[in-house]
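Visitor: Sequence:
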Amino acid sequence: MLSSSTKARETYQRNQVQTASPGELTLMLYNGLVRNIKQAKQSIEAKQIEASHSFIIRAQDIITELMITLNMEYDISKQLMPLYDYMKQSLIEVNLKKDLDKLAEVEGMAAELRETWAQAIKLAKQP
1107 MLSSSTKARE TYQRNQVQTA SPGELTLMLY NGLVRNIKQA KQSIEAKQIE ASHSFIIRAQ
1167 DIITELMITL NMEYDISKQL MPLYDYMKQS LIEVNLKKDL DKLAEVEGMA AELRETWAQA
1227 IKLAKQP
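Okay, so the sequence shown: first residue is 1107 according to this note's numbering, each after it adds one.
Incorrect hints may have been included.
Unchecked claim - Restricting the straight-line Cα-Cα distance to at most 30 Å, the calculated cross-link-like pairs of lysine-lysine (DSS-like) are:
hint, residue 1, residue 2
1, Lys1194, Lys1184
2, Lys1228, Lys1153
3, Lys1153, Lys1208
4, Lys1208, Lys1194
Think of the hints as simulated: they come from the structure by calculation, not from any bench.
Predicted, not measured: the structure shown is a model, and the values here were computed from it.
Can you build the whole structure from these sequences, using the hints too?
Guide: Have a look at this one:
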């Protein structure tokens, strides 16, 4: 049974997603990607293999969602698709070898994408 604070948090998160703009949803995906990569790193360092696997799979799922939502009519989407594919393949390698250097590389890419997207949202909101 879920506690009332857990239910409240889930309701809040559901409302955030339902009321977010497409740009904000993409930012949420990037935030989740970075968060799961960081948690995977901590799990690998702590030798928690099952937990690291779960976090890496979640990160891969987020990248898949980012890939699915690309509109290939735009040049930027054609540039992002191979980057996302590289990141996803790298995470597969990380999951097999528990390679922290490769994970750090993917984390850097994800963080840069997140920051760029956050800046784009801010610029789009300016009059």
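Visitor: Which hint numbers does the structure go against, in order from smallest to largest?
Guide: 2
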